[in-house]
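Asker: Residues per chain, in single letters:
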Amino acid sequence: MYLSSMLFLCLLAGVSLVSFLIMTFKDFSYFVEWEIVSFNSCSLVMTLVMDWKSMLFLSFVSLISGMVLFYSGGYMAGDLNMDRFMYLVLGFVFSMGILIVSPNLVSILLGWDGLGLVSYVLVIYYQNEKSANAGMLTALSNRIGDVAILISIGLMFDMGGWSFIFYNDTSKISDIGGLVILVTLAAMTKSAQIPFSAWLPAAMAAPTPVSALVHSSTLVTAGVYLLIRFGPSLGGVSKFILLLLASLTMFMAGLGANFETDLKKIIALSTLSQLGVMMVILSMGFYNLAFFHLLAHALFKALLFMCAGSVTHHAGGSQDIRMMGGLIYIMPLSITSMNLGNLALCGTPFLAGFYSKDLIIEIFFSSFMNEFCFWLLALATGLTVCYTFRLIYYTVSGDYNLASLGCASDSDYIMTWPMICLGAGSIVGGAFLSWLIFPSPYMVCLPLGLKLLALGVSLLGGFVGYVLNLMTESYQLSSLKNYKLLNFVGSMWFMPFLSTYSSSYMFLTTGQKYHQAGDAGWLEFYGAQGAYSGFMVCSKYLQLAQDNSVKVYMVMFLVWLIFITGSLI
Amino acid sequence: MSYLQTEIISHARKVCSLYKRSLRNLESWYDRRPMLRYRAVLLRARFDENKDVKDLRVAQQLLDEGEKELFSLIHYQPKKFTYSPGGVAYEREVAPPDWVLDYWHPMEKAAYPEYFARREQRKKEYIEWWEKTYGKPTEPSH
Amino acid sequence: MLVLKPHHGLFLITLLAGLLIAVSSSSWFILWMGLELNLMSFIPLLSSSENRYPAESALKYFLIQALGSSSLLMASTLSLFMSKAWTSIVLLSLLLKTGAAPFHFWLPPVMQGIDWFQCFILMTIQKIAPISMMSLILTNLSSLTLISSSILSATVGALGGLNQTLTRKILAYSSINHMGWMLAAISVNEQMWAIYFMAYSLITLSVVSIFSSKQIFHINQVLTTNIYPQTTKMMLFLSLLSLGGVPPLLGFFPKMMMIQEFMSSQLSLLWLSILLASALLTLFFYLRVANSSLMLSSLKTKYSLQTNLSNFILSSSLLNMSPALYPLLLLISY
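Residue numbers (full-length UniProt numbering), protein chains in the order written: chain R, 1 to 569; chain Y, 1 to 142; chain S, 1 to 334.
It is worth saying that the hints were derived from the structure and are not from the lab. You may find that some hints are simply not true.
Some residues of chain R that are not near chain S, with every Cβ distance over 12 Å (derived) [said to hold, decoys possible]:
no.	residue
1	1
2	38
3	110
4	139
5	155
6	178
7	181
8	288
9	328
10	366
11	414
12	508
13	551
14	556
15	561
16	563
Here are some of the chain R residues that sit facing chain Y, going by a computed Cβ distance under 7 Å [claimed, not checked]:
no.	residue
17	317
18	318
19	322
20	477
21	487
22	490
23	491
Here a beta-carbon is modelled for each residue, glycine too, at the ideal position from N, C-alpha and C.
Excised from the complex, chain R in its bound form (with noise of 0.2 Å):
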């Protein structure tokens, strides 16, 4: 099954490669439209677009997503449940699929509560109780944004049509209030930036190929690809509270993924990272600088993934990293993929990274924006090299450090395939895309400071990453001194505390007062039973009234008719 469905994918692949290449450069896109229902001059139509963007990203898609099928049959080999894998997974790409190729809004939700649905079920594959409750966080999390593209649609009525892509050059989107705050809130929960970010390190108790699909390509670059296709309607207050969150995500993430421990949940906060790189240059009003990291990110963190599950399969299971050391001893071909994934998300020259994430960087210290985003950025970016190096320290180098017992190794080829593959992607991804998306070069000028301002934080941030983590005997830990402080970084700014435990803790406390004093209190008390004794008092008062004579009845009937007939004359 594994190997059918790569194959499938891959055709898809490069099927909607080649369309690609023929849009590109006859500059040309289709549409397909199907009225389904035209009532009160608002038609519901079924669109689906096929564009350069549409076509290169259900590619991107689908390419991806054939190698990580590939990889699973290696990788859950011996599963009891592995059909039921392959087809969500499946169902989960088919959802990205009508996300990709939809225009309207309505179609847009199939495809977002497909994922929410998917993600899900697959976060729960593992029926313990840490995959119930992140599933439970992720599918809450999401719900938000479901709930605010169900009002979008509802806002949008006014407009005759959900197909928002035909309102993008005109101001008609941004004139119904609300509407673009409520899909930037949407996106925002897809793609987890800052009040929503719980979730994405929580998803990390699905397994390693569903965590290295819905991390690189589909689920959470959603968001950032449903305000790609919003982009020219975004702005105001709602680009401005974007590019602030977006930033503080950034940073939050990358210095999160430098105290944590767990090597899939240090991808997944630099998955966050990058997501917050690619909506703070969204909210700038770049798109398609946005698009161009979304797929160059894609390709190396498919890879990250697959190597950190790799080590993680043959590892026994384990994820935690102070377990791993001079794993490039045992397993040379997967630590190189990792390493090679590495440093392409932090932007090593000529690898995938560097031609979006530089152009990024770049563009961002030119434009007009406030300090503090931008201090912000360039701590970022010198964070994910020192995450990086720090990932690069405790794999390469020290001992073998693993449970003395292991077979750890490179020897199954289902696994190592992809990851050549995608390898080679992360190489020369980057500057494939550049020459296929813009067609003549972007020329940014700087002054020198600023142009030397991302290699310099960059080379200090592996400095820092490689140094810190070196250990003599004589050395207390230095991070033991701010204990404080360290929590607070370490676990996310305690953002799972506040979205799980608050908000459960708040609805709960509220919900136990309402039943004290409604359902179990006044309500009972005046409610239902009050109205019971009520009305049995009054059925009292008419058993009285009937316990007489078939006399008295007579003469009451004479009593009224004579006083109505009296009262008429």
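Take the given structure of chain R and dock chains Y and S to it, following the hints.
Answerer: Using the frame of chain R, we list chains Y and S on its own:
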């Protein structure tokens, strides 16, 4: 249920428990083996320093201080074994215990007549083997 | 357990003949005559020589109906010179004859003494003539009396039934409550009350036939005897829910039509809401009849001397499910 103490716990046991937890905590902080060994030896020395304290009042105070210090240094992501409670893969693969088969409905069992016949046979053989090896179980005296 | 004697046939025929005469007459005198014929032939149906309770009921019924008839006759003669007041006298006497509040007092004691078959006739057939006459004499003046009577009947029927433990009295109060709805239906339009009445008669038929076949006169009999087959309980529950007007069942539809009519003909919403609230209360005591026997102590014996329900009872109970077939009407009409 750790908040509910149901038995008398000796002071020695409390100290041992503190020592073990501190060691595990050190393991979370210092992940390279040599550093961990160095710190572990230091920790052991601190415990050994007071091992001969006879005055229980002082010992109790030392224990309380130790607990407080451990609490202030606890790791934010403690290292857990993969398949132990709290670990990432805990209860990941659910293996239903063998006795579940005994609670199948007769109609369900009837679907696999050979297997269940053999199963009953094996059970009988096991009881025979047990009784031959260990003798018949005696009635417990109350 | 329907016991029909030879004379029952004769008196049933004259009873129906009286009804037909009354409904189709064009003068008040003939109408009075039809009502008298109807009354006179119902009395022998009620009384029986073996038991003194039916005789008592028959006497009470006779006295009340005679009072109603005489005031009706008086009103028809007064109509020559009291052009305003006579309609309200007619209306009052007809309200007395149907047993609508505030002249409902005779109905529960009369029903308490007679058998289920006679109860059924009293609750349904005996109401046709007075109600159809009321719909004839409805004027602006008398409609105020009608509205008051309707609201009172609904309230009294709902509240009175709450304290009852005897099934015949419960059904008597239920009849008073439905009387309130039917009086409202008269003032809505001519067909509405016919529809309401037919639905009410069918549901009452299903309830009464089950009570009659098992000779249930007290709600304890439903509760304590677990020897009935499960289908009996189910059918009883179904019929009672339908009588209370629970949505998918037959009893809901006339009520829904009434609500629609009220909305479209701009009648008082206070009136409607009182009717609806009273329907909720009646549903409470219907449920109390069946709830504990079906939900709480629903035991089942393997052997039972009780026979299963007859086809007649089953089909009359299942009529309550007939709304499920309404969509099929679309197939006929297209």
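Asker: Check each numbered hint against the structure and report the violated ones by number, ascending.
Answerer: The structure breaks hints 13, 14, 15, 16; every other hint is satisfied.
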